[in-house]
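Peer 1: Sequence:
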Amino acid sequence: MAKAHVLVVPMPCQGHVTPLMELSHRLVDHGLEVTFVNTEVDHAMVVAALRASGGEATLGGGIRLASIPDGLAGDEDRKDIVKLVDAYTRHMPGHLERLIAELEAAGRPRVKWLVGDVNMGWSYEVARNFGIRVVSFWPAATACFAFMLKIPELIEDGLIDDKGLPRRQETFQLAPGMPPLHTSQLSWNNAGAPEGQHIIFDLVTRNNKLNDLAEMTVGNSFHEAEPGACKLFPGILAIGPLFADGEFRKPVGSFLPEDERCVKWLDAQPDGSVVYVAFGSMAIFDPRQFEELAEGLELTGRPFLWVVRPDFTPGLSKAWLAEFHQRVAGRGMIVSWCSQQQVLAHRALACFVSHCGWNSTLEGVRNGVPFLCWPYFCDQYLNRSYITSVWRTGLAASPDADGVVTKAEVRSKVEQVVGDGEIRERARLFRDAARRCVGEGGSSYENFKKLVDLLSE
Numbered sequence: 215m216a217k218a219h220v221l222v223v224p225m226p227c228q229g230h231v232t233p234l235m236e237l238s239h240r241l242v243d244h245g246l247e248v249t250f251v252n253t254e255v256d257h258a259m260v261v262a263a264l265r266a267s268g269g270e271a272t273l274g275g276g277i278r279l280a281s282i283p284d285g286l287a288g289d290e291d292r293k294d295i296v297k298l299v300d301a302y303t304r305h306m307p308g309h310l311e312r313l314i315a316e317l318e319a320a321g322r323p324r325v326k327w328l329v330g331d332v333n334m335g336w337s338y339e340v341a342r343n344f345g346i347r348v349v350s351f352w353p354a355a356t357a358c359f360a361f362m363l364k365i366p367e368l369i370e371d372g373l374i375d376d377k378g379l380p381r382r383q384e385t386f387q388l389a390p391g392m393p394p395l396h397t398s399q400l401s402w403n404n405a406g407a408p409e410g411q412h413i414i415f416d417l418v419t420r421n422n423k424l425n426d427l428a429e430m431t432v433g434n435s436f437h438e439a440e441p442g443a444c445k446l447f448p449g450i451l452a453i454g455p456l457f458a459d460g461e462f463r464k465p466v467g468s469f470l471p472e473d474e475r476c477v478k479w480l481d482a483q484p485d486g487s488v489v490y491v492a493f494g495s496m497a498i499f500d501p502r503q504f505e506e507l508a509e510g511l512e513l514t515g516r517p518f519l520w521v522v523r524p525d526f527t528p529g530l531s532k533a534w535l536a537e538f539h540q541r542v543a544g545r546g547m548i549v550s551w552c553s554q555q556q557v558l559a560h561r562a563l564a565c566f567v568s569h570c571g572w573n574s575t576l577e578g579v580r581n582g583v584p585f586l587c588w589p590y591f592c593d594q595y596l597n598r599s600y601i602t603s604v605w606r607t608g609l610a611a612s613p614d615a616d617g618v619v620t621k622a623e624v625r626s627k628v629e630q631v632v633g634d635g636e637i638r639e640r641a642r643l644f645r646d647a648a649r650r651c652v653g654e655g656g657s658s659y660e661n662f663k664k665l666v667d668l669l670s671e
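Residue numbering for the sequence shown is 215 to 671, as defined by this note's numbering.
Some hints could be false.
[Said to hold, decoys possible] The calculated DSSO-like cross-link candidates involving lysine-lysine, where the alpha carbons are at most 27 Å apart (straight line), are:
(1) Lys326 with Lys664
(2) Lys663 with Lys445
(3) Lys464 with Lys663
(4) Lys293 with Lys217
(5) Lys217 with Lys664
(6) Lys297 with Lys445
(7) Lys445 with Lys293
(8) Lys217 with Lys326
(9) Lys364 with Lys621
(10) Lys621 with Lys532
(11) Lys326 with Lys364
(12) Lys464 with Lys478
(13) Lys445 with Lys464
(14) Lys326 with Lys423
(15) Lys423 with Lys377
(16) Lys445 with Lys423
(17) Lys293 with Lys663
(18) Lys621 with Lys423
(19) Lys464 with Lys326
(20) Lys326 with Lys663
(21) Lys464 with Lys621
(22) Lys377 with Lys297
(23) Lys217 with Lys423
(24) Lys364 with Lys464
(25) Lys297 with Lys364
(26) Lys663 with Lys217
None of these hints come from the bench; they were simulated from the model.
Modelling step: build the complete structure from the supplied sequences, incorporating the hints.
Peer 2: Structure, rendered in C-alpha cells:
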C-alpha cells in the first residue's frame, strides 16, 4: 500500500517550525510521507544552516522540503509579527494552492492530509478546496489555546471588550489547575506594537472558527503538565513533549547554524554547575539590559553558556563586549545558536534563564531543569505562570522601576533557583511525568497513535 502523503504547514517562526519538524520526523518513522512547507526566507535559512553544520541540504528520511513566498519584500523585518501575519494571511493561500497543484503535476503521490499550525488557519480552507483532509496542530500550551477559545466568554464576563482589550485589570483563572493570568498579559495583546493588536486579535478569532475544519486537533503538551486545560478542552489531544529522536541526530529546521562546541565545553564542566541562558529566536535586548544580564552572570561566579543571536542587541558596544569576553574567558561561553535539546539534556546544567517560549519550557521540563523566567512577549507570560505558580519549578526575574532586570537581581535569582532543593525536586517530578507520558502506554503515546491511525486511513 502506498504511503499516505502529508503536507505540513507551520507558522513562519522558529518556535513553530521546530515542533512541526519534530512531529514530521515521528510521522515518517511511522511510515508516512511528509512535504514540509516553509516560506522561501525560512527555507533558505534552514538549508544554509544544514549546510553550515556539515549536513546535506535535505532532511532525508521521507521529509521533503518545499517553499512558498510569504508576501513580504526580501529586506522586510520578519520579527514584526503583525506585519508578518498581515502579509502571509493575504498572500500565502494562492501560493499554497499553486504548490499543491505543482506537486500533483510532478507525479508526487496525491496529498491526502494537511497537518497545519492553528495560526495558519487559512491553509485549512485551501486544503478542503482540494479535497485534502485536515488535522490542526497547536504548538504552544493547551492553556494558551484555551484562553483563545474562551474569548466569547471572556467578553461576556466583562474581562475584555469585543476587540480583545482588557476592561478590568485583574488576575483570573479559567479553571482549577490552570495558570493564573493578568488581563494585561493575554497573548493577543502582547504580540507586537499596540497599533497592530487588531490584526492579531482578528487572526485569533478567525482561526478559532477555521479550526472546526479539522478532524482532529493535536498539541505539543502532556497531560500531567496541564491537567486543568486538558480537562477543559479534551478535544485538544496532547502528544508531547515532541522530540525528533533521542540521539539529537535528526535536524529540526534551525534557522541558524548550531555551534557544536557547546557540548564539548559542557563535558568539561562539573555536574549541575552551568547556568544556561537563551531567549529564543525573537527577543531583542537593548544595550543596557544586555550589560546588566552579562554582569549579573559574571557576579554569580558560575560557569555559563549564553546564546546571543547576531541580531539580539542592536547598538551594543563592541569594545564593551570584547572586554566582557576577556573577563569571563574560560568560565563563560557565548554562542550564536546551539542544539538546545542537547544542552538541556546535559548533566552539567544547573538552571535555565529563559524567555519561556513553549518549546524551551517543554525542553527544560522534559530534562528536569529549574528555570529563571524572563518572558518577552505573547504566550510567554502564561508559561511563566505555569513554571512559577502551578508547577513551581522556577522563579521569575523581576524588573526594577525602569523596567530593567538588574545585575543584582540576576545574581540573586540565579542563586535562589540553583540553591532551592524543592524546586529541583519538583523539576525532577515533572521530568519523570513527561517521560511516562511519551513512553509506551502513556497518554501522549496513546494520543499520538490515534493521530497516526487517522492519517493512515
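Peer 1: Next step is simple, just say for each hint if it's right about the structure.
Peer 2: Against the structure, the hints come out as follows:
Among the hinted pairs, Lys326 with Lys664 is consistent with the structure: their alpha-carbon atoms are about 17 Å apart, no more than 27 Å. As the CA atoms of Lys663 and Lys445 are separated by approximately 20 Å, the hinted pair is consistent with the 27 Å bound. Restraint check: the Cα-Cα separation between Lys464 and Lys663 comes to about 21 Å, which is no more than 27 Å; the hinted pair holds. Only pairs whose Cα atoms come within 27 Å are accepted, and Lys293 paired with Lys217 is rejected, the gap being roughly 37 Å.
Our distance criterion of 27 Å between C-alpha atoms is met by Lys217 and Lys664, whose separation comes to about 17 Å. Between Lys297 and Lys445, the direct Cα distance comes to roughly 35 Å. Violation of the 27 Å bound is thereby established for this hinted pair. For a cut-off of 27 Å, the pair hint linking Lys445 to Lys293 is broken: about 34 Å separates their Cα positions. A C-alpha spacing of about 10 Å is found between Lys217 and Lys326, which places the hinted pair at or below 27 Å, so the restraint holds.
This hinted pair does not check out: Lys364 and Lys621 have alpha carbons roughly 39 Å apart, beyond 27 Å. Of the supplied pair hints, the one linking Lys621 and Lys532 holds, its CA atoms being roughly 20 Å apart against a limit of 27 Å. Restraint check for Lys326 and Lys364: the C-alpha separation of about 31 Å exceeds 27 Å, so the hint is violated. Our distance criterion of 27 Å between C-alpha atoms is met by Lys464 and Lys478, whose separation comes to about 19 Å.
Between the alpha carbons of Lys445 and Lys464 the distance comes to roughly 33 Å, so the proposed pair goes past 27 Å and is violated. Restraint check: the Cα-Cα separation between Lys326 and Lys423 comes to about 22 Å, which is no more than 27 Å; the hinted pair holds. In summary, the hint linking Lys423 to Lys377 is supported, as the alpha carbons are separated by about 16 Å, within the 27 Å threshold. Taken as a hint, the Lys445 and Lys423 pair is honoured in the structure, with Cα atoms around 21 Å apart against an allowance of 27 Å.
For the proposed pair Lys293 and Lys663, the alpha carbon gap of about 35 Å is over 27 Å, so the pair is violated. Between Lys621 and Lys423 the CA atoms are separated by roughly 45 Å; this puts the pair beyond 27 Å, and the hint is violated. Between the alpha carbons of Lys464 and Lys326 the distance comes to roughly 25 Å, so the proposed pair stays at or under 27 Å and holds. As the CA atoms of Lys326 and Lys663 are separated by approximately 18 Å, the hinted pair is consistent with the 27 Å bound.
A hinted pair counts as satisfied when its Cα atoms are at most 27 Å apart, and Lys464 with Lys621 does not qualify at roughly 38 Å. For the given pair, Lys377 sits about 19 Å from Lys297 by alpha-carbon distance, which is consistent with the 27 Å threshold. A C-alpha spacing of about 31 Å is found between Lys217 and Lys423, which places the hinted pair above 27 Å, so the restraint is violated. Simply put, Lys364 and Lys464 have alpha-carbon atoms about 37 Å apart, too far for the 27 Å limit, and the pair is violated.
Between Lys297 and Lys364, the direct Cα distance comes to roughly 26 Å. Compliance with the 27 Å bound is thereby established for this hinted pair. Of the supplied pair hints, the one linking Lys663 and Lys217 holds, its CA atoms being roughly 16 Å apart against a limit of 27 Å.
The structure shown violates the earlier hints numbered 4, 6, 7, 9, 11, 13, 17, 18, 21, 23, 24.
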